[in-house]
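Top line first, the protein sequences correspond to chains A and B.
Numbering follows the numbering used here, in which position 92 of the first sequence is assigned residue number 92; successive positions increment by one, without gaps.
Numbering follows the numbering used here, in which position 105 of the second sequence is assigned residue number 105; successive positions increment by one, without gaps.
No lab work stands behind these hints, which were simulated from the structure alone.
You may find that some hints are simply not true.
[Stated by the list, open to error] Residues from chain A shown here face chain B by an in silico Cβ test under 10 Å; the list is partial: (1) GLN71; (2) THR74; (3) THR75; (4) GLY182; (5) GLY183; (6) ASN185; (7) ALA237; (8) TYR248; (9) ALA252; (10) GLU424.
Where a beta carbon is used, it is the ideal one built from N, C-alpha and C, also for glycine.
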Amino acid sequence: MGNRVRWLVTALALALLAGGVYAQIEVVRYLNQETDPSIVAIQRAWINDFVEQNPGIDVILEGAPAAVINQRITTYIQAGAPLDVVHADGGSAAMLAAQGLLEPLDDVIEALGGRDAFLPGRLLIFEDKVYSINQAATSPVLHYRTDLFEAAGLEPPTNWEELMHAARTLTTGDIAGIALPGGENRSTTIYSGLFLWQNCANYFDRDLNVDLDNERTREALQFYADLLEYSPPDAAAWAFTEPMESFYAGRAAMVFYWNGLDLTYRTNPGLLDVVSVVQTPEGRMKVTEQGGRYISLFANSPNVEASKQWIQYIFTPENAQRLSEVQGQLYPPATYEAMELLRTSEAPNLQIYGDLLFDVVFPSSEFAYNQIFDGGGINPDTCEMERTGTLNPLVSVVWNSNLYARAVQQVAYGGMSVDDAVAELQRNLEQQVEVARQELGQ
Amino acid sequence: MARSASARGIQRGGDRATEFRAPTWWDVHQDRVVGFLMFLPLVTLIVGLTVYPITRVLTTSVYQQSLYSQVAEYVGVRNFVTVLQSEAFVRSVRNTLVFTFGGLAIQMVVGLLIALLVHAKFPLRAPVRGAMLFSYLVPYVVAALTWRFMMSDATGILNYLIRTSGLGIPASWFGSPDYAMLGVILVNAWKNFPFMVLVFLAQLQSIDTQLYEAGAVDGTTRWGAFRYITFPSLLPIILVVGMLRTIWNFNNFEVVFLLTQGGPLGRTETLPLLIYRFIFGEFSMGRGAALAVIVFLILVVMSLIYWRLYERAQGKFE
Numbered sequence: 001m002g003n004r005v006r007w008l009v010t011a012l013a014l015a016l017l018a019g020g021v022y023a024q025i026e027v028v029r030y031l032n033q034e035t036d037p038s039i040v041a042i043q044r045a046w047i048n049d050f051v052e053q054n055p056g057i058d059v060i061l062e063g064a065p066a067a068v069i070n071q072r073i074t075t076y077i078q079a080g081a082p083l084d085v086v087h088a089d090g091g092s093a094a095m096l097a098a099q100g101l102l103e104p105l106d107d108v109i110e111a112l113g114g115r116d117a118f119l120p121g122r123l124l125i126f127e128d129k130v131y132s133i134n135q136a137a138t139s140p141v142l143h144y145r146t147d148l149f150e151a152a153g154l155e156p157p158t159n160w161e162e163l164m165h166a167a168r169t170l171t172t173g174d175i176a177g178i179a180l181p182g183g184e185n186r187s188t189t190i191y192s193g194l195f196l197w198q199n200c201a202n203y204f205d206r207d208l209n210v211d212l213d214n215e216r217t218r219e220a221l222q223f224y225a226d227l228l229e230y231s232p233p234d235a236a237a238w239a240f241t242e243p244m245e246s247f248y249a250g251r252a253a254m255v256f257y258w259n260g261l262d263l264t265y266r267t268n269p270g271l272l273d274v275v276s277v278v279q280t281p282e283g284r285m286k287v288t289e290q291g292g293r294y295i296s297l298f299a300n301s302p303n304v305e306a307s308k309q310w311i312q313y314i315f316t317p318e319n320a321q322r323l324s325e326v327q328g329q330l331y332p333p334a335t336y337e338a339m340e341l342l343r344t345s346e347a348p349n350l351q352i353y354g355d356l357l358f359d360v361v362f363p364s365s366e367f368a369y370n371q372i373f374d375g376g377g378i379n380p381d382t383c384e385m386e387r388t389g390t391l392n393p394l395v396s397v398v399w400n401s402n403l404y405a406r407a408v409q410q411v412a413y414g415g416m417s418v419d420d421a422v423a424e425l426q427r428n429l430e431q432q433v434e435v436a437r438q439e440l441g442q
Numbered sequence: 001m002a003r004s005a006s007a008r009g010i011q012r013g014g015d016r017a018t019e020f021r022a023p024t025w026w027d028v029h030q031d032r033v034v035g036f037l038m039f040l041p042l043v044t045l046i047v048g049l050t051v052y053p054i055t056r057v058l059t060t061s062v063y064q065q066s067l068y069s070q071v072a073e074y075v076g077v078r079n080f081v082t083v084l085q086s087e088a089f090v091r092s093v094r095n096t097l098v099f100t101f102g103g104l105a106i107q108m109v110v111g112l113l114i115a116l117l118v119h120a121k122f123p124l125r126a127p128v129r130g131a132m133l134f135s136y137l138v139p140y141v142v143a144a145l146t147w148r149f150m151m152s153d154a155t156g157i158l159n160y161l162i163r164t165s166g167l168g169i170p171a172s173w174f175g176s177p178d179y180a181m182l183g184v185i186l187v188n189a190w191k192n193f194p195f196m197v198l199v200f201l202a203q204l205q206s207i208d209t210q211l212y213e214a215g216a217v218d219g220t221t222r223w224g225a226f227r228y229i230t231f232p233s234l235l236p237i238i239l240v241v242g243m244l245r246t247i248w249n250f251n252n253f254e255v256v257f258l259l260t261q262g263g264p265l266g267r268t269e270t271l272p273l274l275i276y277r278f279i280f281g282e283f284s285m286g287r288g289a290a291l292a293v294i295v296f297l298i299l300v301v302m303s304l305i306y307w308r309l310y311e312r313a314q315g316k317f318e
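Chain B extracted, bound-state conformation (with noise of 0.2 Å):
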């Protein structure tokens, strides 16, 4: 009633008129004007925290731009060729699958059966399970670091381990062209398993326990509960975390640059320290720039097909 009052407009007149106004335009989009200003730093900061690197990351590719110059010179898909022509690119690509899903396999099997077993009732389990968290909150700089002074011929108390166990083995993996790969993927996976077990531990306790009682009176064993009940359940979430750890394993530059640089002859670079090399090897951050974006689009297809195995998972289950 007030509203149509209101946009009548003002009575001519009357003692009343000044009761009637048409509305503003702030009257009209005072909601709106106050939301939107409340959703503004949020919107700035995307935009200045990821909107503007990206844009600026894609606008880089296709310069030419040494690092000790400010001058840049625009040379179209040059940089995306010479990068995909590199020799380097075929063998980092291979490395980085074989480091990204390597390590993803490795933690996804070890974070399940730890997961599996802190699950279980037994004494100390909060102890247990909190002392499972250590190599987590490790910072990654001090977990290689560490890692590679164990595995150090000078000082590595692993390196003599193996050196004096006969085992037939290189006692110093990172020095090793055959061993390097393993060695980088193994304190990745040692690094980032108890992310899996707290994922994976937190879908277990949500599971309804009448599923497990029902499957008991029906005669279930322990391997049909786990394979029928327990992995169904954790289908949804295996994909949800195996997508992330992807993500994650294949943007990984800290453990393999701090073990092996990348060496020996190229067996671990990967394709972020081949982004590396190419800027601050290469002095280009075009080409740089460029495979940075084909890291992206890689990215982007996979996570896509992570989201189909999602839903696909998500439909069966429901």
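Here chain A stands alone, though its shape is the one from the complex (with noise of 0.2 Å):
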């Protein structure tokens, strides 16, 4: 009885040390949306490297895929729990620096350099603050088969009449013209979005009120349903993946995609040599979308210092390069430091993209839009981007709701007028949007 009583209490006093030692060490939560297991594996690699040079943080990776990252998010702030680092998309990164749930990170943008030393659209800032850095500046690229443009007597598209005449011609029984999605998802709102912008027009105006039901919208919005008239048969279901999926079954003549040779080179390497990739053709006006997965620190952190430390060291030049070595044109990197040293890369990845990342994917975010940044940044009259820097959360709204692509679907596949899919449009996201303003308290 005496030695059981001796081992509990030993017991009880190691694990009491234990757990000492342990409330010592500062823990940073690290929640993120890569599912990607060549980048999980290089976080943690970082992870390992960082705190063996920082003994007294310890870094938790935390997954949610990009579909449920906003869930989890939301989950912890109506449980009042504290979230540290967190890997958002750009419109939530908004809502959250607007509802004052983030903390300022300038420290962290000095200690690399400085605001001048990332690339243009790479800081989310508020009220001259910088609230969340863009890890992904990224831009869709149109990925195109060379072999069967060869054979139809083709040159890749420049426009919007080349792109609707390829993917007419190249449409045979077995191969679609080009992969769209046309799922009620955000993906379908991304890629439309796109020739809404190309077509001079906005969902938002200068001031952010809604802005879509006018001439430039409606054919913007047709444009795109008719397009994915020579989609496979199940766009209609299809989001973000099943596009470049059905382009790597070599279903698809043509597809949008942010990174998409060094998967197709990892996936169906044997496609490499009959695809290439060109710059979105051009509307009326040379646009396209700029991406983001951005890295933020909730202001409630218990541990604001060892996360900001954290966020540090995943953007140092070195860390940069080694993301974008895995995955060169989803993370081309965010200073141009890390840009310098990545033209010196020799990763494998990156071979295969020859002088096309740098000639062709990189300077996609020379005429990038980043709607969140420039709210209102696309002048109807003058057809041109403009740098507004106002911040526009309800971007947010436009992702969430969905409405623009049930607006497409209602044009492709349900036989509405693209007229009154539009007013529809207008009414119902006029109404979200200022649900989401008295939210946001403006």
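Could you fit the two chains together into a complex? Lean on the hints.
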């Protein structure tokens, strides 16, 4: 009995000691949307190195796929639970910044060389404070099958007419001219929104009022609906991954995508010889989407300083280069210094691009529109993109409501006239934006 | 006797006074207190896991609250009015009823037929009965994604077979406005029919074989035996599993969400998906909670109807 008590007391003391030691370690929870094993492996390697260099800090990688990460974040918020570093989409990052839920990262930016060290479109700035860093400021490009284009005597499309013509010409019994998402989801909203901007229209005007009930929007929406005719028949249920899967499987002649050749290299290397990429074809104006995966720090984090150290570590030129070497197109470096490092990289994933990465893919950012940073930045009168610097958290409403995608479906598959679909879209989006404004206190 | 002695209280001046004392509160309530303490963990669990969430949903339904904020504003029944007036509500109710009862009918019929088949004696009956359970053992996510892959235009074997067979039907059901609902109903039915098989088989095995022997003496045909013996014996359990499956189908989120996300054109958007849309699409906890309350009330009414039918069936059978 005596021995038992002694063992029990000893075990209890050891447990308390271990708990006490662990309590002194600052734990940074890194909520991340990456599920690609190669990127997860890089992140794990970062964590190992970081923890080794910073003995007082531990980093826990918490994965939540892109489709559910917003749910995870909002669950934390509703539960009143603290969050540390999150890797969210731009709409959510803007919404969180506008709600005052994020911690400014200006000291991290200074440690990384200041704002000027970052490439354009990388920093989410609200009321002159940096709240988030865009880690994946990439733009979709058009992947196309060179063999099919050559056989049909076509050049890669440079404008809407050529795009439609190529899609129509290349559609045969077994091949779809173009693989496009047509589901009622964010993917369709983003891809069809690209054509909206190219037609000099936008979801919001300069005052961030919904501005869709106009001829330009109707044209753009109709064009996308018409293109869907040349997409595979199950496109009505497609989101982000299916178009590229269709392309990999050799069932489509063209596809827009953010990260392509590196994935093709791993998925279907046999296809690489007959695939190339060009920038997105132009409409009335030359513009494309700027995507993003934003690193932010929650203001209620119990470990602010350790979290900042972790963010700074992620964006060191060497680590940014390592990430880009895994998926060059998806993760172009955020700083000039890292971009220069990447130019000399001999990573196999980058070699498959040849010069395309630096000549075609990365330069797309020069005419890429970031609707979150530059709210109302498409001028319908001049057909020019303007850097308004107005943070637009309402983009989140467009993306999550899927109302634009629903309008596309109504026209493409439901037989509704584009006039009615756009009128309904304007009405419903106005209502939801109004509610969001009230909740934002605007 | 001891009780009456004790009730008299402590005897003054007597040596035996200490043997008799007035009952303490603990003496009187001991059994109840111990019983209550043993019951307490269960009560706590029920309150924590059932009563609290239901109460929270009820209270949330009368507030306007964004997902990105913990601040809430009382709005009375406005969320209910907004939900009931929403264009998606009527469509979702209709979709939910089609999905629920379409799936229920298929599961019932297929489950009953297979239960009757595997109830009969034949070689390798045990492994065949085991194999029947396969789809029920597969998680919803795996089942839905497997069917989605099989119907995929890029990689699907079923898609390929339909395409090359010249049947004249869409090869990709989940992307077809006309076939998407049928697709999700069939996948849900495939996933869940073994539950019906299990329950019906258990009930079939409990039917007294003398009833069939007596019927045979009277010259009853196979159909007659089914109609007058088997079916009435199964009726109470049909109503019970019917109620359970109605509730489960009604609340099913995974199958529809993973296969179609409610599309195309909202043709498969059921009430659980509409709740999801209100909360995560429109960021409105209040509207989502209001619709959840409405769904709860619909299910309560349905359950009452089932119970009434069950009692009637039991009465007839007895």
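- prompt: If you take the shortest Cβ to Cβ gap from A/ALA252 to chain B, is it below 10 Å?
  reply: Cβ of A/ALA252 sits 8 Å from chain B, so the hint holds.
- request: Go through the hint on A/GLN71 and say holds or violated, using the shortest Cβ distance to chain B against 10 Å.
  value: holds, 6 Å
Status of the A/THR75 interface restraint (C-beta, 10 Å, chain B): holds, 9 Å
task: Could you check if A/GLY182 really has its C-beta closer than 10 Å to a C-beta on chain B?
output: This interface hint holds because 8 Å falls under the 10 Å limit.
query: For the hint on A/THR74, does the least C-beta distance to chain B fall short of 10 Å?
result: holds, 4 Å
field: Evaluation of the interface hint that places A/ALA237 against chain B, nearest CB under 10 Å
entry: Hint on A/ALA237: holds, closest Cβ of chain B at ~4 Å, below 10 Å.
- request: With a cut-off of 10 Å on the beta carbons, see whether A/GLY183 makes it to chain B.
  value: holds, 5 Å
- request: Go through the hint on A/ASN185 and say holds or violated, using the shortest Cβ distance to chain B against 10 Å.
  value: holds, 6 Å
query: Given A/GLU424 was flagged as interface, is its beta-carbon under 10 Å from a beta-carbon of chain B?
result: Hint on A/GLU424: holds, closest Cβ of chain B at ~9 Å, below 10 Å.
A/TYR248 as chain B interface residue, shortest Cβ-Cβ below 10 Å: holds, 7 Å
In terms of the numbered hints stated before, the structure departs from none.
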